[in-house]
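Listed in order, the protein sequences are those of chains E and P.
Just so you know, the first sequence maps onto residues 1 to 115 in my numbering.
Just so you know, the second sequence maps onto residues 1 to 115 in my numbering.
These are computed hints drawn from the structure, not numbers from a lab.
Note that CB positions come from ideal geometry on N, CA and C, so glycine has one too.
Hints may be right or wrong, so weigh each one.
What the hints assert, rightly or not - Below, a list of computed lysine to aspartate or glutamate pairs in the EDC-like style, where the Cα atoms sit at most 16 angstroms apart: (1) Lys3(P) / Glu41(E); (2) Lys3(P) / Glu26(P); (3) Lys38(P) / Asp86(E); (4) Lys3(P) / Asp29(P); (5) Lys44(E) / Glu72(E); (6) Lys38(P) / Glu40(E); (7) Lys70(P) / Glu56(P); (8) Lys62(E) / Glu40(E); (9) Lys70(P) / Glu59(P).
Stated by the list, open to error - Taking beta-carbon pairs under 7 angstroms as the criterion, some of the chain E residues facing chain P (in silico): (10) Glu41; (11) Gly42; (12) Tyr48; (13) Glu52; (14) Phe65; (15) Leu100; (16) Thr103; (17) Gly109.
As the list claims (entries may be wrong) - Pair by pair, the computed Cβ-Cβ distance ranges are: (18) Val83(E) / Pro40(P): 26 to 36 angstroms; (19) Glu26(P) / Asn7(E): 19 to 29 angstroms; (20) Arg64(E) / Asn67(P): 38 to 48 angstroms; (21) Thr31(P) / Arg111(E): 31 to 41 angstroms; (22) Phe54(P) / Val83(E): 20 to 30 angstroms; (23) Leu113(E) / Thr31(P): 37 to 47 angstroms.
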Amino acid sequence: NAGVMQNPRHLVRRRGQEARLRCSPMKGHSHVYWYRQLPEEGLKFMVYLQKENIIDESGMPKERFSAEFPKEGPSILRIQQVVRGDSAAYFCASSQLAGLQETQYFGPGTRLLVL
Amino acid sequence: AQKVTQAQTEISVVEKEDVTLDCVYETRDTTYYLFWYKQPPSGELVFLIRRNSFDEQNEISGRYSWNFQKSTSSFNFTITASQVVDSAVYFCALSVSPTGNQFYFGTGTSLTVIP
Numbered sequence: 001n002a003g004v005m006q007n008p009r010h011l012v013r014r015r016g017q018e019a020r021l022r023c024s025p026m027k028g029h030s031h032v033y034w035y036r037q038l039p040e041e042g043l044k045f046m047v048y049l050q051k052e053n054i055i056d057e058s059g060m061p062k063e064r065f066s067a068e069f070p071k072e073g074p075s076i077l078r079i080q081q082v083v084r085g086d087s088a089a090y091f092c093a094s095s096q097l098a099g100l101q102e103t104q105y106f107g108p109g110t111r112l113l114v115l
Numbered sequence: 001a002q003k004v005t006q007a008q009t010e011i012s013v014v015e016k017e018d019v020t021l022d023c024v025y026e027t028r029d030t031t032y033y034l035f036w037y038k039q040p041p042s043g044e045l046v047f048l049i050r051r052n053s054f055d056e057q058n059e060i061s062g063r064y065s066w067n068f069q070k071s072t073s074s075f076n077f078t079i080t081a082s083q084v085v086d087s088a089v090y091f092c093a094l095s096v097s098p099t100g101n102q103f104y105f106g107t108g109t110s111l112t113v114i115p
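If we strip away everything but chain P, and leave its shape as in the complex, we get (with noise of 0.2 angstroms):
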């Protein structure tokens, strides 16, 4: 069976700190995908990062990042001088083999950045 865990339900820093966001997942399929997902006040799911589980290389994008270890199964995200702007509910979801057709999301972590 396929579980992603987002064991932060609410975090709240003071802009400029550093966060970082924790997703753990279970599956027993050796292929599968991680993905971040950012949910705004406004509602919409925003695509953040897609990433295989051949490919363990930490991946920056700006204030960005992510550390993908299979050794503990955990895709966390990381955000480096927050900003109020990155006030959101962030959702790590998981993909498997075969088909990928179904995504399996963690209970998302509400992130509060307070000026």
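Next up, chain E with everything else stripped away, as it sits in the complex (with noise of 0.2 angstroms):
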């Protein structure tokens, strides 16, 4: 009964090279959330994907960053030009169904760090 999967889990880039994470979600889980959280502070909601949908991005800064969920495939969150202050862990969640009353369960994170 694997976990949600994130990989990898620790990621080194220069400013301006691209950044691409990736999340497996748990089995039977079609719903997958990707959340930063910056040093000394909680997680901040970016986006939620469905299978090839994207259903709410109000948490993505406009430019740069870009997430997907292909039908066959882990979910990817990428972040173009990557900047000294997107350095942060990375967290996917997923859940069995969407809705209030469900649970999101946490990968284990992807550290960037941007030098």
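Need the complex rebuilt from these two chains, each delivered in its own frame; the hints are there to steer you.
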């Protein structure tokens, strides 16, 4: 019974490079959420996706950030032209169903460091 | 607007002491859910409990107990007879109607249990 998988666990990029973060939800889960945790802060919602659809991206920065959850394969959070302020832990969560009563189960996170 | 406040940034206790972690939330919704997650030093987020706004019964699970009081908008977490393995950052989170997609997290309380 694998939980939410994220890779890589740690990612180092230089300013201007692209970062790709992958998330495989728990088996049977078709709803994926991405959160960002800045140092010494709580998690902040970024985006909610279902297969092939972005449902809520109200927490995503307008530029350089994009997310997808294709029909096959993991969800991808993509950050183009990274800057030092993008350094953070990025967590993916999944749930079996959508709705208020659903618990989100989190992956181990990807720690992104931008040099 | 939704907000979760964890006023205690860091707490240190000696092993076997009891400790209470505070969580105060703000929302205008009458239907919502509250959660606690544990983030051990390894970094992953572990789900501990979910409570809906219509259920004010306190809950006990082993050494863990939760006290939900709507009158004070609080959902406090008590660890009885703390152990070194309880050392972690603990996050309180809120999800609100209608969709509950987005979790609102507090900034976390870092608990250190000293042997």
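Each hint, compared with the structure:
no.	hint	result
1	Lys3(P) / Glu41(E)	holds, 14 angstroms
2	Lys3(P) / Glu26(P)	holds, 5 angstroms
3	Lys38(P) / Asp86(E)	violated, 24 angstroms
4	Lys3(P) / Asp29(P)	holds, 12 angstroms
5	Lys44(E) / Glu72(E)	violated, 27 angstroms
6	Lys38(P) / Glu40(E)	holds, 15 angstroms
7	Lys70(P) / Glu56(P)	holds, 7 angstroms
8	Lys62(E) / Glu40(E)	violated, 24 angstroms
9	Lys70(P) / Glu59(P)	holds, 15 angstroms
10	Glu41	holds, 6 angstroms
11	Gly42	holds, 4 angstroms
12	Tyr48	holds, 5 angstroms
13	Glu52	violated, 17 angstroms
14	Phe65	violated, 16 angstroms
15	Leu100	holds, 3 angstroms
16	Thr103	holds, 5 angstroms
17	Gly109	holds, 6 angstroms
18	Val83(E) / Pro40(P): 26 to 36 angstroms	holds, 30 angstroms
19	Glu26(P) / Asn7(E): 19 to 29 angstroms	violated, 36 angstroms
20	Arg64(E) / Asn67(P): 38 to 48 angstroms	holds, 43 angstroms
21	Thr31(P) / Arg111(E): 31 to 41 angstroms	holds, 35 angstroms
22	Phe54(P) / Val83(E): 20 to 30 angstroms	violated, 44 angstroms
23	Leu113(E) / Thr31(P): 37 to 47 angstroms	holds, 40 angstroms
Hint compliance for this structure: hints 3, 5, 8, 13, 14, 19 and 22 are broken, all remaining hints hold.
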